[in-house]
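Asker: Listed here are the chains, written in short residue letters.
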Amino acid sequence: MTIALQDTPFDPGVLLAFFSRGRTETGAIVTFTGIARADGGKSEVLELEAYPGFTEGEIRRIAEEARVRFSLHDLMVIHRVGKIKPGAPIVFVATAAGHRREAFEAADFLMDYLKSKAPFWKKEHGPAGEKWIEPTERDHADVARWDG
Amino acid sequence: MTIALQDTPFDPGVLLAFFSRGRTETGAIVTFTGIARADGGKSEVLELEAYPGFTEGEIRRIAEEARVRFSLHDLMVIHRVGKIKPGAPIVFVATAAGHRREAFEAADFLMDYLKSKAPFWKKEHGPAGEKWIEPTERDHADVARWDG
Amino acid sequence: MAKVLLFGPLRDIAGWREKDVRANTVAELKAALTAEDAALGAALNGKGVQVAIDQRIMRNDTGLRANAEVAFLPPMSGG
Amino acid sequence: MAKVLLFGPLRDIAGWREKDVRANTVAELKAALTAEDAALGAALNGKGVQVAIDQRIMRNDTGLRANAEVAFLPPMSGG
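Residue numbers (our numbering), protein chains in the order written: chain A, 536 to 683; chain B, 536 to 683; chain C, 82 to 160; chain D, 82 to 160.
The following block holds chain A by itself, in its conformation from the complex (with noise of 0.2 Å):
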C-alpha cells in the first residue's frame, strides 16, 4: 500500500507501470488520475495545503478500510499538493483486486473520500485574486453512497 504526497509534477502512466508489474496474481487493476483542466487557458492556478504527516495518517485509514471492505490486493494513492498548474494531474488511485467489480467500487470509494473529505485546503489564484473552495453537492452526494 503506498500513500504519497508530492509537490511536483506526475505522469499517471510511469505510476501505473510501477503499480502493475509482476502483478500476476490479480485480476483487475483500475486507476483514476485527476487533471486540473485548463478550461482552454482561463483557469486559474490551483493550490493544495496539506497538514503534513496528519493528511497522509488519514488518507491511510480510508485505504485500510477500502482494502478490507474491497477484498484488495493492493492499492496507490498519489496527491499533488502546492501550486498545480491547469492541465497537470492532480491525483492518481491504483487498486488490485482479484475482480473487477472490487477495483472499480474501491477506486471510486476512494476518490469519493479524497474529493470530499480528505484533509486538503483548496485555493484557486485567478486574475481576479485567490479564493478558497469547499466541495460541491455533488461531492457530498457521492460520498454518501457508500454509508450504511
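Mixed in with the good hints there might be a few duds.
[To be verified] Straight-line alpha carbon distances no greater than 27 Å define the calculated BS3-like cross-link-like pairs of lysine-lysine that follow:
id: 1; chain 1: B; residue 1: LYS658; chain 2: B; residue 2: LYS618
id: 2; chain 1: D; residue 1: LYS84; chain 2: A; residue 2: LYS618
id: 3; chain 1: A; residue 1: LYS657; chain 2: D; residue 2: LYS84
id: 4; chain 1: A; residue 1: LYS652; chain 2: A; residue 2: LYS666
id: 5; chain 1: A; residue 1: LYS620; chain 2: D; residue 2: LYS84
id: 6; chain 1: D; residue 1: LYS100; chain 2: A; residue 2: LYS658
id: 7; chain 1: D; residue 1: LYS128; chain 2: A; residue 2: LYS620
[Claimed, not checked] Covered stretches of chain D, as calculated for chain A (at least 3 residues, CB under 8 Å):
id: 8; stretch: 84-91
id: 9; stretch: 149-156
Hints listed in this document are in silico derivations from the structure and should not be mistaken for laboratory results. Glycine residues also receive a C-beta, built at the ideal position from the N, C-alpha and C atoms.
Fit chains B, C and D to the given chain A structure using the hints.
Answerer: Just chains B, C and D now, kept in the frame of chain A:
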C-alpha cells in the same frame, strides 16, 4: 477513439502514458487492466479468438454508445487475442471525461460488455486438455445493470 | 461461391476454419455442409449460433452475393 | 508551550501559519489567540473548525502536554 486487437503483450503503463499525454481539458481518466491470473503457476494458458474486423466493429459500436451516453472526451480499448500467458494483461480500457463519475461508469460499462458479450471465443489450454469457456453468471448479472 | 468461416467450438467440431462452399442462400450452404458432416450440420443449428454475412449479423436468410463471407458465430464468451 | 498550526483560510485571516503559544488547555490557547487577534479568535470558533492535538482530532479539551502540536483545521475541501 482507439479500438485495437493485438496478438503481442502490452504494458498498461505505456498505454496510460500515451492516453493521458497532453489531455489538459479532461478532468478525469479511468483505466481498467484485466490480467490473466497466474494462480501460483497452476493457471492454464488462455487462447482468445476474434473475428478480425467484425470484433473491432462490434466493440467500436458499443464504444460509440458509451462515448455518447457518458459524454466522454475520448476512450481506448486494447484487447489481446491469441495465446495469453498466465500473469499477462488481457485487456486495457481507458476513458476520459469532464468529471469522475462519467469516466468510472463508462469504463465499468465497457468492461461489462467486453467480458460478457464481445465477439471473442475463449479456450483454456491445460494439462487435462482444452476447454471452451462461456461467460459466468456474474458477467451476465453485471451487464444487465445497464439495461433500461 | 461463399467463403465460410467457423469460430470457437465450431472450428474444433469441423476440423477446419475456412472453406469455399457453392451456395446461393444460407439454407443451401447449411445443407451442403450438413451433407458433408452431420455433426457440423447439427452444431451450426445449435442454440445461440448466429450467422454473419459480410461481417453483419443477419436474422433472416437474405441470399448470398457472389463471394459473400459467411461466418458462423457460436455464443460469444467475452474477452 | 504549544506549537499552534493554522490551515486553509485561518492562515490567511491570521497572517501566520505556525506560532508557539503558552497554554495548558485548548481553551486557554484560544483565549490567548483571541486576546491578540479578535478576528482570528472568532474564526477559530467558526462552524466546522476542528482541533487536532499531536495530529489527532480531539472533540474535547483534554489539556495539552508540554510542546503539544495544536492544529486548527477549517472544513476540509478534499483534493
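Asker: Take the hints in turn and mark each one as holding or not.
Answerer: Structure-based check of all given hints:
1. B:LYS658 / B:LYS618: Holds: LYS658 (chain B) and LYS618 (chain B) sit about 9 Å apart, inside 27 Å.
2. D:LYS84 / A:LYS618: 26 Å, holds
3. A:LYS657 / D:LYS84: 23 Å, holds
4. A:LYS652 / A:LYS666: Roughly 19 Å separates the two Cα atoms, so the pair holds.
5. A:LYS620 / D:LYS84: Violated, at roughly 32 Å.
6. D:LYS100 / A:LYS658: 22 Å, holds
7. D:LYS128 / A:LYS620: Not satisfied, since the Cα-Cα distance of roughly 31 Å exceeds 27 Å.
8. 84-91: As far as the stretch 84-91 of chain D goes, the hint holds, because 4 residues have Cβ atoms under 8 Å from chain A.
9. 149-156: Answer holds; 4 residues pass the 8 Å Cβ test.
When the structure is compared with the earlier hints, violations turn up for hints 5, 7 and for no others.
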